[in-house]
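**Student:** Protein chains in written order, with the working numbering: chain A, 1 to 227; chain B, 1 to 250; chain C, 1 to 54.
It is worth saying that the hints were derived from the structure and are not from the lab. Computed from a prediction, not measured in an experiment: that's the story for all the values here. Misleading hints may appear alongside valid ones.
The calculated lysine-lysine pairs, modelled on DSBU-like cross-linking and capped at a C-alpha distance of 30 Å, are [claimed, not checked]: (1) C:42 with B:7; (2) B:246 with C:46; (3) B:239 with B:152.
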Amino acid sequence: MKKTTLSQVFFALLKRDLLLAFRHRAELFNPLLFFVLVVTLFPLGTGADTKLLQTMAPGIIWVAALLAAMLSLDTIFRSDFEDGSLELLLLNAHPTSILVLAKVLAHWLITGVPLMIIAPLLALFLGLDQDLIGLLVLTLLLGTPVLSLIGAVAIALTVGLKRGGILLSLLVLPFYVPVLIFATNAIEMAMSGLPVTAQLWILSSFLLLAITLTPWPTAAALKLSLS
Amino acid sequence: MMKFIHKTASPPYFYHLSGLWIPWLGMITLLLLMAGLYGGLIYAPTDYQQGESYRIIYIHVPAAWMSLFIYIAMAGAGAIGLIWRIKLAETVAVCSAPIGAGFTLLALVTGSLWGKPMWGAWWVWDARLTAELLLLFLYLGVMSLYVAIPDKRVASRAVALLALVGVVNIPIIHYSVEWWNTLHQGPTVTKFDKPSIDLRMLVPLLIMAVAFKVYYVWSLFLRVRVELLERERNSQWVKELLKQNKESQA
Amino acid sequence: MKEFFHMGGYGFYVWLSYGIAAVVLISNIILPVYQRKSMLNKLAKKIKRAEQLK
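Between the sequences and the hints, there should be enough to build the whole structure, so can you do that?
**Tutor:** Here it is as structure tokens:
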């Protein structure tokens, strides 16, 4: 038998997940549609006062992105759990924590990146200052991978359960709070012309922390869920 | 050393031992609570700024301390359970959650009741209250996860894992929320170099804190005993225990 | 004595706080005690049934 290196397995997994996602395009668009819908509902609910919408824009976009990311978490492991390929993943000789990272990366590319692409459009809907759109995308770039990484732990814990939906949101949302706080705070500070480097550094450190710390509990939780 | 730990942590031995401890723990809790309540409600002088309303502090602050303490204890027990596979530690982690959630809820409600006369509103989005609310969600997550997983052995290990992840996140949540908003009074008790709180107010507060800690152990032992009985219902020691009970009743 | 319950006008808030504290603390003791009793009863009945079947 030919021996495969870790990076070969990593990229094979990544490629497989991306391919699978592109074959089920409808699933790909669902979180995105949800994101757009939620943002559209806000002006209808609060009235289309430009000033009000402008001040609320970072919060609205980020909360909607957070909920969309949460809704899409199920796709990280669910189908693999159902067809048994998750067990094969755990039986692989390479460390599960790194392979898990490949799956999370695929998930982020499928769900996080589209959110980033559509966010500027929604920012214009809400009348966010054009100069701030770059910053909004930057916070999403730093923040959404953290959402996927943390979400992977929670979904790994609940993947064996039939009705994990509401439980998942209860498990995940408290952990999402710091990202939400610093991302929206950065945009709000920039609105009033203050420097935001501190917030961006903190968001980057969250990302590094999440990359280094979450794969282990995810792998451990998967082992538990399959035991 | 490990032998001693494994012996003490074996379910039948712990069940027996905790049965002996429980009446004492209950008595110590009641004595400490009486002392703390006397100190807090009668002995401590009136606050010159907040009047009598500050007496809620004797519930609010110890409850808030306990809410954090129990979460850390839960994560610690969970870690011990995961690493050395000690059943008792897993059970302790699981049984801590409802007690901790109770204290968190208590801290929130008393905070709200204290806030109404002081801030003029039942709820203010201040940093510590918000962090406490998030802590309550963390506890509820732990409890619902335990209920949701049918196999209790797997469930307690999942809970231990979640508690461990949560304990890393607690300081992050705390500082994020602090950054987000600060409205609360500065920490008055930890400033030992320059005590800004009257000693006659501080002593009852510390007594209440100790009382709540002993109470936690008391309530925890009671809960762990139920959980052990349920999990080990088919084991020999539970059957023998039931036989003894029957004989003593006859 | 009346003054003590009045709490300088804050009686409602103070006593409601202590009351809720009492409810939470007592229920966390009563509940497991009750659960243990019902659990022991349940297990005893189960054993009795098993013996009758023999």
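**Student:** Against this structure, judge whether each hint is valid.
**Tutor:** Hints, verified against the model:
1. C:42 with B:7: Status holds; Cα separation ~28 Å.
2. B:246 with C:46: Answer holds: residue 246 of chain B to residue 46 of chain C is near 13 Å, not above 30 Å.
3. B:239 with B:152: 20 Å, holds
When the structure is compared with the earlier hints, no violation turns up for any of them.
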